[in-house]
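Colleague: Taking the hints into account, I'd like the entire structure generated from these sequences.
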Amino acid sequence: MEKRNLRKERVGVVTSNKMQKSIVVSEVKKVKHPMYGKFVLKTKKYVAHDENNDCNEGDTVKIMETRPLSKSKTWRLVEIIERAK
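Quick note: the sequence shown uses this note's numbering, first residue 1, plus one each step.
Heads up, some of the hints might be wrong.
[Claimed, not checked] Pairs of lysine-lysine, DSS-like flavour, derived with a Cα cap of 30 Å:
#: 1; residue 1: K29; residue 2: K18
#: 2; residue 1: K32; residue 2: K3
#: 3; residue 1: K73; residue 2: K8
#: 4; residue 1: K45; residue 2: K29
#: 5; residue 1: K21; residue 2: K73
#: 6; residue 1: K18; residue 2: K42
#: 7; residue 1: K44; residue 2: K71
#: 8; residue 1: K8; residue 2: K42
#: 9; residue 1: K73; residue 2: K38
#: 10; residue 1: K18; residue 2: K32
#: 11; residue 1: K32; residue 2: K8
#: 12; residue 1: K44; residue 2: K18
#: 13; residue 1: K21; residue 2: K32
#: 14; residue 1: K71; residue 2: K18
The hints are simulated quantities; they were obtained by calculation from the structure and are not laboratory data. None of the values given here were measured: they were computed from a predicted structure.
Modeller: This is the structure:
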């Protein structure tokens, strides 16, 4: 059997679901500033594939890296961790 490489996984919040079968997921990190020591919020956006259009804005989801599905989509939805209230 061939060995697959480990796939990256991210947890974030859905910020847009206006596309068909696609969602935009924002991952927020707290990073310490190298010089001043203050913690700064860094946001990274990922476009992910959502096959069944399950997600709504505000949902917390887990996404996994995959082969390129389009120009900007290289992630896919693994599971919905928490629904928006």
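Colleague: Check the hint pairing K32 with K3 against an upper bound of 30 Å on the C-alpha distance.
Modeller: With Cα atoms ~36 Å apart, K32 and K3 exceed 30 Å; violated.
Colleague: Compare the distance between the alpha carbons of K8 and K42 with 30 Å, and conclude whether the hinted pair is satisfied.
Modeller: holds (19 Å)
Colleague: Taken at face value, is the distance from the CA of K8 to the CA of K32 at most 30 Å?
Modeller: Holds, at about 23 Å.
Colleague: What's the verdict on K21 and K73, does the C-alpha distance respect the 30 Å limit or exceed it?
Modeller: With a Cα-Cα distance of about 11 Å, the restraint between K21 and K73 holds, given a limit of 30 Å.
Colleague: Holds or violated: K73 and K38, Cα atoms, limit 30 Å.
Modeller: violated (33 Å)
Colleague: Check whether the Cα positions of K44 and K71 lie no farther apart than 30 Å.
Modeller: Measuring from Cα to Cα gives roughly 17 Å; hence the hint holds.
Colleague: Below or equal to 30 Å on CA atoms is what counts here, so check K18 against K42.
Modeller: Satisfied, since the Cα-Cα distance of roughly 24 Å is no more than 30 Å.
Colleague: Given the hint that K21 pairs with K32, test it: the Cα-Cα distance must not exceed 30 Å.
Modeller: Not OK: K21 and K32 at ~36 Å, beyond 30 Å, violated.
Colleague: Given the hinted pair K45 and K29, is their alpha-carbon gap at most 30 Å?
Modeller: holds (12 Å)
Colleague: Given the hint that K29 pairs with K18, does the C-alpha gap stay at or below 30 Å?
Modeller: Holds. K29 to K18 sits at ~25 Å (cutoff 30 Å).
Colleague: Against the 30 Å threshold, does the CA-CA distance of K44 and K18 hold or violate the hint?
Modeller: holds (19 Å)
Colleague: Is the Cα-Cα distance between K18 and K32 30 Å or less?
Modeller: violated (34 Å)
Hints 2, 9, 10, 13 from the list above are not met by this structure, while the remaining hints are.
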